[in-house]
Amino acid sequence: MVKIAKEKLPVLLQAWAAGAMVFVPQEREGTRVFLPWNGEGKLALGEENTLEPPKDLFFPRTETMYRYKVQGQDAEITEVPSFEDKMILVGVRSCDARSFALMDDVFLTKGYVDEFYRRRRENTRVVALACTEAAPTCFCTAFGIDPGRAEGVDVQMRPLDDGYLLEAVTEAGQELLNQAGSLLEEAGKASPPGAALPSLQVDVGGVTEKLQQMFEHPYWTEVSRKCLGCGACTYLCPTCHCFDIQSENLGNTGYKFRCWDSCMFSEYTRMAGGHNPRPSKKERLRNRFLHKLQYFPERYGKFACVGCGRCLDRCPVNVDITRVIREVKEVTL
Amino acid sequence: MAVEARVNPLVPMEGRIVKIIEETPDVKTFHVTTEKGKPFTPMPGQLAMLSLFEVGEAMFSITSQGPEHLEIAIKRVGMLTEALHEAEPGQTVGIRGPYGNGFPLDMFYGKDILFIAGGIGLAPVRSLINYCIEHREKFGHLWIIYGARSPADLCFKQDLFENWPRVENCRVDVTVDKGDEGWKGHEGFVPAFVEKLNPSPEGKVAVTCGPPIMIKFVLQSLEKLGFRDDQIVTTLEMRMKCGIGKCGRCNLGSRYVCLDGPVFTLAQLKEMPNEY
Amino acid sequence: MSRIQERMRARARELLAQGTVQMVIGWEKGTFWYLSPPVFITDAGECDRLVWDEFCANNLAKYLLDYKHTEDKIALFVKGCDARGVVRLLQDNQIEREKVYLIGIKCPGMKDGRLADALGEERRHEVPLVAKCRFCTHPEPVIFDELLGEDEGAAARDAAAAAEGRFAEVEKVEAMSPDERYTFWTSAYDRCLRCYACRNVCPACNCRECIFDRSQSGWCGKQMNRGENMFFAITRAMHVAGRCIECGECERVCPEGIPIMTLNKKIIKDLNELFGEYEAGIDLEDLPPLGRYKLDDPDEFH
Ligand SMILES: Cc1cc2nc3c(=O)[nH]c(=O)nc-3n(C[C@H](O)[C@H](O)[C@H](O)COP(=O)(O)OP(=O)(O)OC[C@H]3O[C@@H](n4cnc5c(N)ncnc54)[C@H](O)[C@@H]3O)c2cc1C
Ligand code: SF4
Ligand code: SF4
Ligand code: FES
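Residue numbers (our numbering), protein chains in the order written: chain A, 14 to 346; chain B, 107 to 382; chain C, 56 to 357.
If you're looking for bench data, these hints aren't it; they were derived computationally from the structure. Keep in mind it's a predicted model, so treat the numbers as computed, not measured. All clues stand as given, with none of them false.
Partial list, computed: chain A residues near chain C (C-beta under 7 Å):
hint: 1; residue: R238
hint: 2; residue: K239
hint: 3; residue: L241
hint: 4; residue: S279
hint: 5; residue: P329
Here are the computed distance ranges between Cβ atoms for each label pair:
hint: 6; chain 1: B; residue 1: M213; chain 2: A; residue 2: Q225; range: 24 to 32 Å
hint: 7; chain 1: A; residue 1: E20; chain 2: C; residue 2: G273; range: 47 to 55 Å
hint: 8; chain 1: C; residue 1: T97; chain 2: B; residue 2: E128; range: 55 to 63 Å
hint: 9; chain 1: A; residue 1: D117; chain 2: C; residue 2: Y237; range: 35 to 43 Å
hint: 10; chain 1: B; residue 1: M213; chain 2: C; residue 2: I266; range: 42 to 50 Å
hint: 11; chain 1: B; residue 1: P317; chain 2: C; residue 2: A223; range: 54 to 62 Å
hint: 12; chain 1: C; residue 1: R347; chain 2: A; residue 2: Q225; range: 50 to 58 Å
hint: 13; chain 1: B; residue 1: V113; chain 2: C; residue 2: M231; range: 47 to 55 Å
hint: 14; chain 1: C; residue 1: I266; chain 2: A; residue 2: G194; range: 51 to 59 Å
hint: 15; chain 1: C; residue 1: A186; chain 2: A; residue 2: T91; range: 43 to 51 Å
hint: 16; chain 1: A; residue 1: D117; chain 2: C; residue 2: K324; range: 46 to 54 Å
hint: 17; chain 1: B; residue 1: M213; chain 2: A; residue 2: L346; range: 27 to 35 Å
hint: 18; chain 1: A; residue 1: E229; chain 2: C; residue 2: A230; range: 52 to 60 Å
Idealized CB from N, CA, C, for every residue including glycine.
Hey, can you work out the whole structure from these sequences and the hints?
Okay, structure coming up:
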């Protein structure tokens, strides 16, 4: 096992940044977000997880799909941007690492591969950071996630008092460590602090089966009363992946782009002619929870929540998914 | 365009409208082809994403196909469909597909088939009717019941009044909500017409497509006539963007209508959340 | 506060039991000690869920729109800002006065839940006022059918309000050079997620259908980039110009901490200078400066 001293980490990031775009949590206006490392930012690896999930690095908020030119009756696609950059994400927590696996299920399986996502995903190495302290809103262990060890990553970091233990998990991860060269030292018998213990405990056992019988239940009316119908929960959720496709015209050229969308919005399902199968916030909030806790498990065999607690942290009216899980299990059918 | 575009399912092929047929005052059928010939070869009931780059993209049923082209019948309802109705032959379009499950042909082999459609809803059903006609020996009796608001609103008139009635062992019944001076046929709504014609469920499979309100009442009529849920097939419409089960918006429970639909048996529909 | 909470529960119980109202909207205890989100009570037996503590910051007025097409009469607990929200909705002809029953509470100023978390429950009394309450000019309800109890914390609030100054943040931005100002606003709105929490919580944002829910119309784009974000920011701010009741909810709910109230207050300050002092949502009869028409208007109307 090797380790790196705290003050040398920026040097390592700099070294990695020579061959790739390095994204790492940094301070921004009192919160933490993944930002490209340019040697100047203030690293924010010690505290709670980032405000925004890192999903936009694989699935940008807005992404050009292709450019076109229109001339009278003629039109042609002039360019399909192809993402060639290499990326290294440093400081990814176990919950977010799981979210990458869930996104992979959506974008890479079931008959079609989303090329835009695939390119970014395949060009990216992930360096995880073990959590030693949980935020009050964390409940990753509910989904069998180990805050001390992330799934599907290339390197696992663990914080020490004066630095980080680094363990290569994949060959690509080993290459990253090789690049670090003399910055690393033998860890000896340095033992990292134990993994965090999330304070919010929730038992998801049986919740899918219960929800399967609850589509028409009056519970959804009650739970949605206070919902504002905003998209904060979906946009901050590392597993929400809905998008819209639209075009932007500039004279006789233009481009098709896709951008994040939210099932919490009225426009999302509104059809030509005005019919909307999810006319009110009741149906929309129900869809959000069923998607996370019933539909996704039915389709992909996994919960689409990783217990990061971002929605709970930022929801303006305290719609709390852990409470929903508990209440769903308690309501009488 | 580069090879990349071809393998990226979200990037359309460049196609061209080569022929436009005016079906009704607000429905036109478009024949679409590409430089390399037919864009792809869909099965009955499958879908295509058709676009005018600068306007928009939407999902349509492929109502028929020839060796070199696809046929898509489009009702004018909004921005894209409006722009398409203004297009003339030679117009470049984007097209991608084929999408969706299509009709479950296995379910129809050797059976009598009852087709019940309203308005533009005949478009997807027509792909199946034509398939049955082309493979006539594999199917039993074909019975087409179709309705529209007025005689002018009847789509595919040539099929309805010339081609299909000539097919062996095939019956066509047409109704309109309200006739005009020249109309000698039946007047009345489709569901009532179906009940009046009183088809027996024996050995039959029923396929229905049309406006949601028509489907709702036709399903009730079929139930009255004794059709079981697994004898009834219908197609669903949801708002769609990606067409490949990624963008999330067409979900009905854990299924995506673009990928796992749009064709479902009534038995399947009853298992799914009532949210369409 | 606990005395008020007792009376709150008792009144809610009476109103529901007598059938005077069909629903009571107030606050309940949330997931953590520093959260008191909205609650909707229809059963007199459930009234003990109601709480009144220093975290009842949510403005409840907007919820009345959810029930405007029902026959129900609704009782709403109103602090100063909730009451002004109700005036906003009444002036905008969104709701009928007879269908709401307003129980006023003189507000001592609410505390900042997001900061409370870091301090811990042992230091509960040290939690600072939430930004929206620091410059509140009307902590006591401006409209009500009955008033619960006495003001309990005016002193603390008055001191805070005086220290801060209603337009202090605006003046800071006004003092910037144009370039600095551009950077200030673009870097703020570059963070905007376009989640529309600010719009959805706002009592002045009461259009039946918002143009931002009609992206297909071509008026606004759905791309999350600087241009579209600024278009949203400015459109939202201008749309509530003269109608913003300064409840500060938009800024409080924003997950990205964008200083939305600085923008709203800049417009209020300008309106005051242009059309004379005006505070929205105080007096039912006093229409917003941009929402009234006078025959003797000093400006010609072309
Ligand atoms: C599986 C499936 C199969 C389908 N098959 C067919 C088919 O075979 N044939 C067919 O015709 N259709 C079919 N459809 C329906 C077709 O997809 C829709 O009619 C199409 O999406 C309409 O697109 P549009 O851009 O013309 O309408 P839109 O412009 O998207 O919307 C139409 C509605 O939006 C409103 N609107 C339009 N413009 C504006 C504006 N500027 N501002 C505000 N509101 C506006 C109008 O009120 C109108 O009613 C199918 C749909 C699905 C899902
Ligand atoms: S639903 Fe909430 S807690 Fe679960 S992954 Fe999404 S944001 Fe995190
Ligand atoms: S609440 Fe904040 S992030 Fe959401 S739309 Fe408003 S300004 Fe943007
Ligand atoms: S249209 Fe995108 S998932 Fe069906």
